[in-house]
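> Position one of the sequence shown corresponds to residue 23 (my numbering), numbered consecutively onward.
Simulated from the structure, these hints should not be mistaken for laboratory data. Please read these numbers as outputs of a predicted model, since none were measured by experiment. Possibly wrong hints are sitting among the right ones.
[What the hints assert, rightly or not] Listed next, the in silico DSSO-like pairs over lysine-lysine satisfying Cα-Cα at most 30 Å (straight line):
hint, residue 1, residue 2
1, 367, 354
2, 134, 116
3, 176, 249
4, 277, 150
5, 246, 354
6, 147, 201
7, 304, 277
8, 150, 166
9, 246, 331
10, 209, 178
11, 150, 201
12, 331, 367
13, 178, 201
14, 147, 166
15, 354, 305
16, 304, 246
17, 176, 116
18, 150, 178
19, 147, 209
20, 88, 99
21, 249, 305
22, 305, 221
23, 116, 150
24, 305, 351
25, 176, 150
26, 88, 178
27, 201, 249
28, 305, 331
29, 92, 304
30, 53, 92
31, 304, 354
32, 166, 134
33, 176, 277
34, 184, 221
35, 249, 304
36, 201, 184
37, 304, 324
38, 99, 304
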Amino acid sequence: MIKIYGDIMLDRWIYGSCQRVSPEAPVIVMKEDEYNYSIGGAGNLATNLDSINGTVELYSCVAQDKEGYKLLELLEKTNIDCYIQDDADMTTTKTRFVGQGGQQVLRWDREKPYLQDSVIDNLLKNLKPDDIICISDYAKGTVKANTLSQIFRKAKVLVDPKQDDYFYDGAFLVKPNMKEYTEWFGKFDEIDACNIMRKHNWQWLVVTDGANGMHVLNEDTRYKHYKEPTNQIVDVTGAGDTVLAVIAHCLNDGKDVFDACEIACYAAARAVERQGTTVITKKDLRKKTTVWTNGVFDVLHKGHLELLKFARTQGERLIVGINNDASVKRLKGETRPINDVHERKSQLESLPWVDQVVVFDEDTPLNSIVSHKPDVIVKGGDYTVETVVGHELAEVVIFPTIEGISTTKTIGKIIK
Numbered sequence: 023m024i025k026i027y028g029d030i031m032l033d034r035w036i037y038g039s040c041q042r043v044s045p046e047a048p049v050i051v052m053k054e055d056e057y058n059y060s061i062g063g064a065g066n067l068a069t070n071l072d073s074i075n076g077t078v079e080l081y082s083c084v085a086q087d088k089e090g091y092k093l094l095e096l097l098e099k100t101n102i103d104c105y106i107q108d109d110a111d112m113t114t115t116k117t118r119f120v121g122q123g124g125q126q127v128l129r130w131d132r133e134k135p136y137l138q139d140s141v142i143d144n145l146l147k148n149l150k151p152d153d154i155i156c157i158s159d160y161a162k163g164t165v166k167a168n169t170l171s172q173i174f175r176k177a178k179v180l181v182d183p184k185q186d187d188y189f190y191d192g193a194f195l196v197k198p199n200m201k202e203y204t205e206w207f208g209k210f211d212e213i214d215a216c217n218i219m220r221k222h223n224w225q226w227l228v229v230t231d232g233a234n235g236m237h238v239l240n241e242d243t244r245y246k247h248y249k250e251p252t253n254q255i256v257d258v259t260g261a262g263d264t265v266l267a268v269i270a271h272c273l274n275d276g277k278d279v280f281d282a283c284e285i286a287c288y289a290a291a292r293a294v295e296r297q298g299t300t301v302i303t304k305k306d307l308r309k310k311t312t313v314w315t316n317g318v319f320d321v322l323h324k325g326h327l328e329l330l331k332f333a334r335t336q337g338e339r340l341i342v343g344i345n346n347d348a349s350v351k352r353l354k355g356e357t358r359p360i361n362d363v364h365e366r367k368s369q370l371e372s373l374p375w376v377d378q379v380v381v382f383d384e385d386t387p388l389n390s391i392v393s394h395k396p397d398v399i400v401k402g403g404d405y406t407v408e409t410v411v412g413h414e415l416a417e418v419v420i421f422p423t424i425e426g427i428s429t430t431k432t433i434g435k436i437i438k
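With the hints as constraints, model all of the structure from the sequences given.
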């Protein structure tokens, strides 16, 4: 189970146009066109995990004010298991004013520190040894130093920090951004960073660095740097939550930290291309996904077309492998194929869902799969995952057969 402990807040977005200066003071006047609300802080981390992971628990607090009620209303629309106290003095709210072209003009924060201990009491009561705990700390008072050590001893804890470095001594993984890291320790250096990890008893350190990607180190002094291109950076709001959510999800799914961080880097690059507090999806975790499917594709019919359309939705690029004429004869008999390999290849290449067509002369496409290294293999028909050629090399997705449609039946209708 993934549990989230930290500062939840309400994100309010006001969109409008700025076309004149106020006569009262040298400031711009913004005319409101529309507004919306989203769940921010630890809540954004929770909604991301709700989207990609499923069951998740959120431990935080709000006040009994209109902002708190709005947050609870938004949370009720999710599948998050919420343990929310309502004994705060004020619900933290961040209001962003966004002008033409998506440019933020102003941010207005409304907050008071949370002084109670009821949130941590709930978490400790429900904590289990195999839980993954994400601490989303915005220094609003929910996360308290005197209770963190209890959590660190009882579960695997991932921290998105905001307070002093020693505050998180003993955490499994700490994820500062580069600004936070340099404020703590000065200029980043991987050798120094390893020494710092030992000093603080951290097993993993992940330093996010905006467009420069992320630096990942473990206690055994292994180091990797990940960087993903973006089409355009539109809004970095919540990017740190995206990274921590994906890392937690991948660890919960059995992946190691390096693999988790590589996927998280890709997902964050997709998140910053969108306006506002972003909720990622499972599709955002598919890094540069290449999809493979194969067959004879002799006489194209509805079943083929539906298979190819479906296969294209499983990634960014679809490669279709087809048997050459000699291998078709070996598999189907001397009367096949009806259309030669050039005709079959040309027909497939004309379809909008197909990016590349590959011809192979063996009875199976294994060598072609090894050569092209797809991330996903899609097969239709009565296959199981274990019977699909190449299932050891990529994720396998089975597309169910459309009843009553096959090449043999189509040829039979033509002959009649």
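> All hints, please: hold or fail.
Here is what the structure says about each hint:
no.: 1; hint: 367 x 354; result: holds (18 Å)
no.: 2; hint: 134 x 116; result: holds (12 Å)
no.: 3; hint: 176 x 249; result: violated (33 Å)
no.: 4; hint: 277 x 150; result: holds (20 Å)
no.: 5; hint: 246 x 354; result: violated (50 Å)
no.: 6; hint: 147 x 201; result: violated (35 Å)
no.: 7; hint: 304 x 277; result: holds (15 Å)
no.: 8; hint: 150 x 166; result: holds (20 Å)
no.: 9; hint: 246 x 331; result: violated (37 Å)
no.: 10; hint: 209 x 178; result: holds (28 Å)
no.: 11; hint: 150 x 201; result: violated (34 Å)
no.: 12; hint: 331 x 367; result: holds (17 Å)
no.: 13; hint: 178 x 201; result: holds (25 Å)
no.: 14; hint: 147 x 166; result: holds (16 Å)
no.: 15; hint: 354 x 305; result: violated (37 Å)
no.: 16; hint: 304 x 246; result: holds (24 Å)
no.: 17; hint: 176 x 116; result: violated (33 Å)
no.: 18; hint: 150 x 178; result: holds (10 Å)
no.: 19; hint: 147 x 209; result: violated (40 Å)
no.: 20; hint: 88 x 99; result: holds (17 Å)
no.: 21; hint: 249 x 305; result: holds (19 Å)
no.: 22; hint: 305 x 221; result: violated (38 Å)
no.: 23; hint: 116 x 150; result: violated (33 Å)
no.: 24; hint: 305 x 351; result: violated (39 Å)
no.: 25; hint: 176 x 150; result: holds (7 Å)
no.: 26; hint: 88 x 178; result: violated (35 Å)
no.: 27; hint: 201 x 249; result: holds (17 Å)
no.: 28; hint: 305 x 331; result: holds (16 Å)
no.: 29; hint: 92 x 304; result: holds (27 Å)
no.: 30; hint: 53 x 92; result: holds (24 Å)
no.: 31; hint: 304 x 354; result: violated (39 Å)
no.: 32; hint: 166 x 134; result: holds (15 Å)
no.: 33; hint: 176 x 277; result: holds (21 Å)
no.: 34; hint: 184 x 221; result: holds (19 Å)
no.: 35; hint: 249 x 304; result: holds (20 Å)
no.: 36; hint: 201 x 184; result: holds (11 Å)
no.: 37; hint: 304 x 324; result: holds (28 Å)
no.: 38; hint: 99 x 304; result: holds (19 Å)
In this structure, the earlier hints numbered 3, 5, 6, 9, 11, 15, 17, 19, 22, 23, 24, 26 and 31 are contradicted, and the remaining ones agree with it.
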